[in-house]
Amino acid sequence: MGFFDNILYGFQITFQPINFLFCGIGVLMGTLVGVLPGIGPAGAMALLLPATFQFSPTSTLILLAGIYYGVQYGGSTTSILVNIPGEASSVVTCIDGHQMARQGRAGPALGIAAWGSFIAGTIANLGLMFVAIPLAYAALRLGPPEYFSLMCMGLIIVTYLAQHSVLKAIMMALVGIILGSIGLDLITGLPRFTLGINELTDGAGMIPLVIGLFGISEILENLEKSLERDVFKAPLKNLWPSLKDWTQAKWAIVRGSIIGFILGILPGGGAVISSFVSYAVEKKVSRNPERFGKGAIEGVASPESANNASAGASLIPLLSLGIPPNPIMAIFFTALMIHGIQPGPLLIKQYPDLFWGLVASLYLGNALLLILNLPLIGIWVKVLRIPYKILFPLILLFCLIGVYSINNVTFDLYVMIFFGVLGWMMRKFGYEPAPLVLAYVLGPLLENALRQSLLISQGSFLIFITRPISAAALGIAFLLLLSNFFPYFRMRRREYEKFNE
Amino acid sequence: MKVFDQLSSIFWFVISTAVFIESIRLGIGKIQNPGVGFITLGASGILGILSFVLFIKATLTKEEKETEPLFSKGRWPRVLFVLFILCVYSVVMPTLGYLLSTFILMTFLFWVLERRKIWLVFTASFLSTLISYFVFSKWLNCQFPDGLFGL
Chain A
1 MGFFDNILYG
11 FQITFQPINF
21 LFCGIGVLMG
31 TLVGVLPGIG
41 PAGAMALLLP
51 ATFQFSPTST
61 LILLAGIYYG
71 VQYGGSTTSI
81 LVNIPGEASS
91 VVTCIDGHQM
101 ARQGRAGPAL
111 GIAAWGSFIA
121 GTIANLGLMF
131 VAIPLAYAAL
141 RLGPPEYFSL
151 MCMGLIIVTY
161 LAQHSVLKAI
171 MMALVGIILG
181 SIGLDLITGL
191 PRFTLGINEL
201 TDGAGMIPLV
211 IGLFGISEIL
221 ENLEKSLERD
231 VFKAPLKNLW
241 PSLKDWTQAK
251 WAIVRGSIIG
261 FILGILPGGG
271 AVISSFVSYA
281 VEKKVSRNPE
291 RFGKGAIEGV
301 ASPESANNAS
311 AGASLIPLLS
321 LGIPPNPIMA
331 IFFTALMIHG
341 IQPGPLLIKQ
351 YPDLFWGLVA
361 SLYLGNALLL
371 ILNLPLIGIW
381 VKVLRIPYKI
391 LFPLILLFCL
401 IGVYSINNVT
411 FDLYVMIFFG
421 VLGWMMRKFG
431 YEPAPLVLAY
441 VLGPLLENAL
451 RQSLLISQGS
461 FLIFITRPIS
471 AAALGIAFLL
481 LLSNFFPYFR
491 MRRREYEKFN
501 E
Chain B
1001 MKVFDQLSSI
1011 FWFVISTAVF
1021 IESIRLGIGK
1031 IQNPGVGFIT
1041 LGASGILGIL
1051 SFVLFIKATL
1061 TKEEKETEPL
1071 FSKGRWPRVL
1081 FVLFILCVYS
1091 VVMPTLGYLL
1101 STFILMTFLF
1111 WVLERRKIWL
1121 VFTASFLSTL
1131 ISYFVFSKWL
1141 NCQFPDGLFG
1151 L
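In order, the protein sequence lines correspond to chains A and B.
Residues 1 to 501 in our numbering are what the first sequence lists, from first letter to last.
Residues 1001 to 1151 in our numbering are what the second sequence lists, from first letter to last.
Just so you know, the hints here were simulated from the structure itself, not pulled from any lab data.
Note that the coordinates shown come from a computational prediction; the quantities given were computed from them, not determined experimentally.
For every residue, glycine included, the Cβ atom is placed at its ideal position computed from N, Cα and C.
Be aware that a few hints might be false.
[Stated by the list, open to error] Taking beta-carbon pairs under 7 Å as the criterion, some of the chain A residues facing chain B (in silico):
{"id": "1", "residue": "A51"}
{"id": "2", "residue": "L190"}
{"id": "3", "residue": "L454"}
[Unchecked claim] Which stretches of chain B does chain A cover? Using the computed rule of at least three CB atoms under 8 Å from a CB of chain A, they are:
{"id": "4", "segment": "1036 to 1047"}
{"id": "5", "segment": "1090 to 1099"}
Let the sequences and hints guide you as you build the complete structure.
Take a look at the structure:
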């Protein structure tokens, strides 16, 4: 089949009633999750995953992709109207978005965020189609040493881009590797670190771990805070940005899309870092940088475009290499594994319906977000006003049901509560859960690749540096680690941490 | 943050030591043919070293501002209460059944943040339990325990 035939085939799959419905539910759920506090995209996806077991893998992935896209959009609504980012990827949007709202320009801010997201999402989809297939073909030549080095590089980038201490992020990645080794050994079948508990022979479980670390811990943290939120009350008008707004924002959208796409492909990159980088670049290239922080529309357009482009681009390493580049993609990875599909270079060839259906659903999801969400903005504002004391019992109930329904055993609930408490403590002590979750998923793959490589090389570690791709990946990882010792990078790092605070 | 870093580094050091010892017991094999405990030995070894580095770094760091208390004043008991009822729910759910145990759980959760009128709490708990049951059990075919009373 030719390229355009494949796209048409993808749209045929996406427009099947069940997939269309899942796409719609996904973007709506995603927007809701983005708007509401107390549960992030990782938690929401993990929560809904058990409910998709009876549906096809294509429908499942379409739903998850819809949530991921929707969250990026919904997060900007709270950033602009409440000055509280719904998601980490919308933190930067608060700076100029809320200032615009205070100046009576909430409508154009929301409008440009939606249009920027749509344009960036479309650019990312095009990039996904053109990059994923050649990369998958190239990946067929990669062996265990290359996979080991690429995964190491991904983990190092995740730790390097951590919002707090790099040292703590590396420690969390190591904890993730240890947790990922719980259960039966892949080669010998012997149990490891199961503490004599039968339920642990299958591992701690990705879904209880993610819901515990991201969902429960956030609820526990919120319970300690003041629950009052000051929601923007003035009527929303002029959601369509003016010609002047478009003129000011057009290059910001393009630059944000490109930055988001490039950072999204990189292992360890993601929506959060791309929004930060694009904002910094926009401020740097602006002729009037002093406008930033005072309601510059480029300050909204650029990060919102970047986080959406990054969301689409981060599917590339997963679908073509089988390596999840961030914790959200780790959930996609788990979803594929649950449905008996091994992510990797052969995925596109063996499951064209899944790949092209997913690609087409991204176009549809983007369009649905724009069509549904701009007219529905009033509803999302009302949702924002629901008191947390009503929301949190419902979110907790969904977490409990979501985890219980995986295996129908209460042990999973204990695991979730354990990781919930661990995640709560980690937040207090300044540790990030993202490297842990990514390492938890990559751990078994990393171990397998390491053991296979050492078997091939008969115990020589030189195999990792004599093969060019492997050597390059390890070299980049090493340089990133080394950069922490250079004063210039240390200064930049401190600025980044301050910015995050 | 200094004290927090010191405490957490000790915690991770203890964990890494336990994993390191267990990895040796499991068998690390040879480099030509790595054993079951090979990767965890490496990971726990590095974790131990990094926890030690964190401890030293925290000890040598001058505290710039006063450390905030670990638990916010007045609000942390409700966090403990929520954790406690979550644990109790996990234990009693198979015995009491989904409907009854979830109704009790939701009643406590709706009541914990604000002492509202009891009929309002009961109505909200009843509705959320019933709707969740129909959506997940009847529509999405999740298998919930019936419990002692067949509920």
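Hint by hint, here is what the structure shows:
| no. | hint | result |
| --- | --- | --- |
| 1 | A51 | holds, 5 Å |
| 2 | L190 | holds, 5 Å |
| 3 | L454 | holds, 6 Å |
| 4 | 1036 to 1047 | holds (count 9) |
| 5 | 1090 to 1099 | holds (count 4) |
Hint compliance for this structure: every hint is met.
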